[in-house]
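Peer 1: In order, the protein sequences belong to chains L and F. This note's numbering numbers the first residue of the first sequence as 750 and each following residue consecutively. This note's numbering numbers the first residue of the second sequence as 112 and each following residue consecutively.
Keep in mind that the hints were calculated from the coordinates and are not lab data. C-beta: ideal position from N, C-alpha, C; glycine also. This list has only true hints and no planted wrong ones.
So these bits of chain F aren't anywhere near chain L, every CB distance computed over 12 angstroms:
| id | residue |
| --- | --- |
| 1 | 114 |
| 2 | 134 |
| 3 | 163 |
| 4 | 171 |
| 5 | 176 |
| 6 | 210 |
| 7 | 234 |
| 8 | 235 |
| 9 | 238 |
Mimicking DMTMM-like on lysine to aspartate or glutamate, the simulated pairs with C-alpha atoms at most 20 angstroms apart in a straight line are:
| id | chain 1 | residue 1 | chain 2 | residue 2 |
| --- | --- | --- | --- | --- |
| 10 | F | 202 | L | 931 |
| 11 | F | 202 | L | 932 |
| 12 | F | 202 | L | 1075 |
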Amino acid sequence: MSTRPVILLDGAASAPSELLGHKGHGIDMMRRNGLPVPPAFCITTDVGTQYRVEPETTMSKIWADILDGVRALEDATSRTFGHGPRPLLLSVRSGAAVSMPGMMDTLLDLGFSDDVEKALAAEGSAEFASDSRRRFIESYAQIVAATVPGDPYEQLRAAVAAVFASWDSPRAAAYRSHHGLDDQGGTAVVVQAMVFGNLGENSGAGVMFSRNPMTGEDEKFGEWLPGGQGDDVVSGTVDVEPITCLREQQSATYDELISAAKSLERLTADVQEIEFTIQDGALWLLQTRAAKRSAQAAVRLALQLLGDGLIDEAEALRRVTPAHVEALLRPSLQPETRFTADLLATGLPAGPGVASGRAYAEVDAAIDAADRGEDVILVRHHTSPDDIHGMLVARGIITETGGATSHAAVVSRELGRAAVVGCGSGVTESLAGKLVTVDGNAGEVRGGVLPLSAWSEDSTPELRELADLARRVSPLRAHAGGDYPRLDRHSEIAVRSAMASGHSDVVSDSPLLAMLEAIRVSS
Amino acid sequence: MSDLAVLQAIRLKGRVNREDLGSDLVDDLVGAGLLVDGPTLRLSPEGRVRLDELLASERSSVDSSVIACAYSEFRSVNAEFKALVTDWQLKNGQPNTHEDPVYDAAVLARLDEVHQRVTPIVAAASAELPRLGRYAEKLQSALDRVHAGETMWLSRPLIDSYHTVWFELHEELILAAGLTREAEDA
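For reference, chain L alone in the conformation it holds in the complex (with noise of 0.2 angstroms):
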């Protein structure tokens, strides 16, 4: 084990994301660079590890050194955990690099008792106090799987060897299998010190993308919650507002928050997803990740990066992936026409495809408008073996009710139907009659027949800026015509003979596959 199991993220950690996990190391650097971020400390993975071999020695021999990163956060926040007459509030969540279905994520509001309650009540209001401790015993019950200790201590001390032990529950272990990560390790465990977007007026919480993920337009993009914990933004549950309505609302903190992710995006070289939460108009960054990006925003993003001198050609090429560009020449819902639809509902992507027609939730009326050459999507509370006649005729299906693994997600993959699934009860009624499309890949079922469209190498201007890039950086120029040898396929084989044979310039069918494909072999 490391000599140092408990490392403070004061900005002076000093330390590799392998040790830090990746939101440890993230919010070191937000702190190093002068950014709000509450105080935290991180556990490290190689406790992680060791605690898969020996979790109660483990847990016993680095328990001091939590109980002092606990000192430091009481010292950095004038607070005291367990007790009042200020209380600290703890948030512990896991640092694995990935999210994992399976691993336990957060756990906030940790450290309640009766006198903590009271002495919340007494600082901010009754109504606070009791929101944030039903708030923590919902979650400790689910997280945790076990009642919630009286001692505030206790609680730390299990909810970090749940997120330890969580590294090995099957279903994590199945995701790493499943996935080829390394199984080998543990995740680090973040303990920060809260703030409250559930603390009445000028509170709240949100996401915040420094620019838009999915279309990959530069503007600002994110969903912003009053009086919200991160939880709520994250869960779907609740209904959140737009960014934008931030800047109504409080314009100088959205002003910081702005110039936060300006920040961010200059540190990383990379477009940044951002968990904030607002306490009192005081602005909290809580942790930071490259932001996951549709397949346009991808070749748009490296685009504009490069454009703005945060990265070079080389770099921007390798942000853009084969499979990045074999997507957007296939038919597709493009972003924009996507987010001009109304979002009737939400659910689970079961079935990949994108699917229009008139919904239909009885099986027997379905069937007579598919005979009457109608385009039929099925909706039903959930289905079951006696629906697939139904399911045979309809080109989506939503559900109620149902995870990834359901009847009607497992028959949609086999039949090649669009399937979102899981939407919630309420959904079968609001749709039925109406003309919808079914889009499987996002999870989404949106008002309207909406059109697919492809991109093109010849015609796509973002794909021929990206292609004249390519000519300039990879180690093979391939032309859509000209007087060169002809690369039939742009595979992995084909390309490496094609250099082999000591070609600089071919002629493709896809020029830009083939090219990205020549310097990704190459570097």
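Go by the hints and put chain F onto chain L.
Peer 2: Chain F alone, transformed into the frame defined by chain L:
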């Protein structure tokens, strides 16, 4: 086959070809207004009511604790079965192209484990409800075909694949335990 067996078989499949059913009770049931005849057979609303009565009467003569126990054990293996079917269909979140024999073999090995776990559950339930015994045969038959390399018998709809039979069995156990699917989802 009894009226109950015929009506229930049609309910579980939604619509059935006469030939596939192979029962000489069909004309009587159509005549009694319990089935709607056409290119395929399906239940009439009266047929659904009659089926519910027959199932309720069947339920009243069984030891409900045995069925409740079988259903509870089934639920514990159900999640693993559904997960393995999903892993068969998807690899790394993308459709499984079945080009990785090691991956596929690992998933199919899990099917053998699931089959070993579900077999005694079906046997216990059939001791109370002999009608359910045919699910043991149908599961075995689908498994044999998968073992013989006909992997479409794992999850393909419309044929009595392992997944199709499994789901019908699931519905039967929910009904036999006196529950409803809606309540089980909630």
